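**Student:** Grab the two chains, each in its own frame, and use the hints to assemble them into the complex.
The chain contents come next:
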Amino acid sequence: LAKTTQPISMDSYEGQEVNITCSHNNIATNDYITWYQQFPSQGPRFIIQGYKTKVTNEVASLFIPADRKSSTLSLPRVSLSDTAVYYCLVGPQGGKLIFGQGTELSVKP
Amino acid sequence: NAGVTQTPKFQVLKTGQSMTLQCAQDMNHEYMSWYRQDPGMGLRLIHYSVGAGITDQGEVPNGYNVSRSTTEDFPLRLLSAAPSQTSVYFCASSFGTGDGYTFGSGTRLTVV
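From first to last, the protein sequence lines are chains A and B.
Quick note on numbering: the first sequence equals residues 482 to 590 in the working numbering.
Quick note on numbering: the second sequence equals residues 418 to 529 in the working numbering.
Next comes chain B alone, as it looks inside the complex (with noise of 0.2 Å):
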């Protein structure tokens, strides 16, 4: 198993810019989730998915869209990117059970 799979793993944009991050998952995972860490800071939750075709908001979901169209992936996409997304981004998935979330290595994005 390949575990939580995310590319790029690092990204510079201009302000205005759209990319969409890939989060990959080989376990048969029903839960994913996206999250951005900020330097020196806690992780914040931008989106999750309970499932496939099921998708919802998060701590800090403004300027994201997600989409969950197979169990295996949930891309992240930045609209417009702008210099207050620069940050960490981290995929996790899980079965739901007692055994938490897998997390990605994470995409290190810059917007300048």
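Extracted from the complex, chain A is given alone in its bound form (with noise of 0.2 Å):
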């Protein structure tokens, strides 16, 4: 399974654009590249996932190059309630999914 190397932690102010950035230098090609949030004491959340190319949802934007070995994580106009435990996965779209340590946001007012 593909390893994900993601910064351990950020910050960011309330109504900034915030970008996470994830390296996946070994993602095979039935990979798929999804993102979780975490709050302390609840279980992840999935924001989104995407295969190539651009992936948009109503939480979130998902952008992969065409060699797809990084994929980067915009949120749009952060608020506090946005401060959490970010994961980036590689791997298939069930199955054997691996956590890795994660990218803890912190959003300052």
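Check the hints yourself; a few may be wrong.
[Stated by the list, open to error] Straight-line Cα separation of at most 16 Å, EDC-like style, residue types lysine to aspartate or glutamate; simulated pairs:
(1) A:K589 - A:D492
(2) A:K577 - B:D455
(3) A:K589 - A:D512
(4) A:K533 - A:D548
(5) A:K589 - A:E495
(6) A:K550 - A:E585
(7) A:K535 - A:D548
(8) A:K577 - A:E495
(9) A:K577 - B:E476
(10) A:K577 - B:D473
(11) A:K484 - B:E476
(12) A:K550 - A:E498
[Said to hold, decoys possible] On the chain A side, residues computed to face chain B include the following (Cβ under 8 Å):
(13) F520
(14) P521
(15) F527
(16) Q530
(17) T534
(18) N538
(19) G572
(20) Q574
(21) G575
(22) G576
(23) K577
(24) I579
(25) G583
Rather than coming from a laboratory, the hints here were simulated on the basis of the structure.
None of the values given here were measured: they were computed from a predicted structure.
The C-beta atom is built at its ideal place from N, Cα and C for all residues, glycine as well.
**Tutor:** What follows is the structure, encoded as structure tokens:
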């Protein structure tokens, strides 16, 4: 399974756009890129998933370059409630999914 | 839909005791997984299942057993609890499509 590397922590201010980049150099042809959000004392929550190019939903955008060796989660205009840990996963859509260390995002007023 | 239901929410065990953590989902998801999360750490995969009757090991399977006799249920058994198994356990399920996994609210287990 492809290993992912993402920053351990990031700081931002309310109203800013936040971009979290994840590296996955060994991504396989049938792997998808999925991002989860986790608040303290809660289970992770699915944010977005993509295979290539750009995916957008009501919460975030996911940018994937042509070589798929990295991806960027973009959170528009963050608020204090976006303070959480964000995990980048690479793997099949179902089955064996391995979490990495995640990025702890802190949004300040 | 209740989603993914985990019981109990809290449990204290003595070393050597056995118990079963329950996980049930009502979304007809084929894929189910168990994770543990230690304080300040990421999630580690214990076991997973791609359908009824099919299970496989994850990253940290030792000391745990699973079975998947129905699509809805995926219980996790601790055979002989050890203090190192003190953790928060999360169960998750998925269709295996672009909607990702749905996680339960977790079971906080303390082994003394």
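**Student:** All hints, please: hold or fail.
**Tutor:** Here is what the structure says about each hint:
1. A:K589 - A:D492: With a Cα-Cα distance of about 7 Å, the restraint between K589 of chain A and D492 of chain A holds, given a limit of 16 Å.
2. A:K577 - B:D455: Answer violated: K577 of chain A to D455 of chain B is near 20 Å, above 16 Å.
3. A:K589 - A:D512: violated, 34 Å
4. A:K533 - A:D548: Answer holds: K533 of chain A to D548 of chain A is near 9 Å, not above 16 Å.
5. A:K589 - A:E495: Cα-Cα ~6 Å, so holds.
6. A:K550 - A:E585: Roughly 22 Å between the alpha carbons, so the hint for K550 of chain A and E585 of chain A is violated.
7. A:K535 - A:D548: holds, 13 Å
8. A:K577 - A:E495: Distance ~35 Å between K577 of chain A and E495 of chain A Cα, so the pair is violated.
9. A:K577 - B:E476: At roughly 10 Å apart (the allowed maximum being 16 Å), E476 of chain B and K577 of chain A satisfy the hint.
10. A:K577 - B:D473: holds, 9 Å
11. A:K484 - B:E476: At roughly 13 Å apart (the allowed maximum being 16 Å), E476 of chain B and K484 of chain A satisfy the hint.
12. A:K550 - A:E498: violated, 23 Å
13. F520: At 11 Å from the nearest chain B Cβ, F520 of chain A fails the 8 Å test, so the hint is violated.
14. P521: Since the shortest Cβ distance to chain B is 10 Å, the answer is violated.
15. F527: holds, 3 Å
16. Q530: holds, 5 Å
17. T534: The hint is violated - T534 of chain A has no Cβ within 8 Å of chain B, the shortest such distance being about 14 Å.
18. N538: violated, 10 Å
19. G572: violated, 10 Å
20. Q574: Nearest chain B Cβ about 5 Å off; hint holds.
21. G575: This interface hint holds because 3 Å falls under the 8 Å limit.
22. G576: Constraint on G576 of chain A satisfied, holds at 5 Å.
23. K577: holds, 6 Å
24. I579: holds, 6 Å
25. G583: holds, 5 Å
Hint compliance for this structure: hints 2, 3, 6, 8, 12, 13, 14, 17, 18, 19 are broken, all remaining hints hold.
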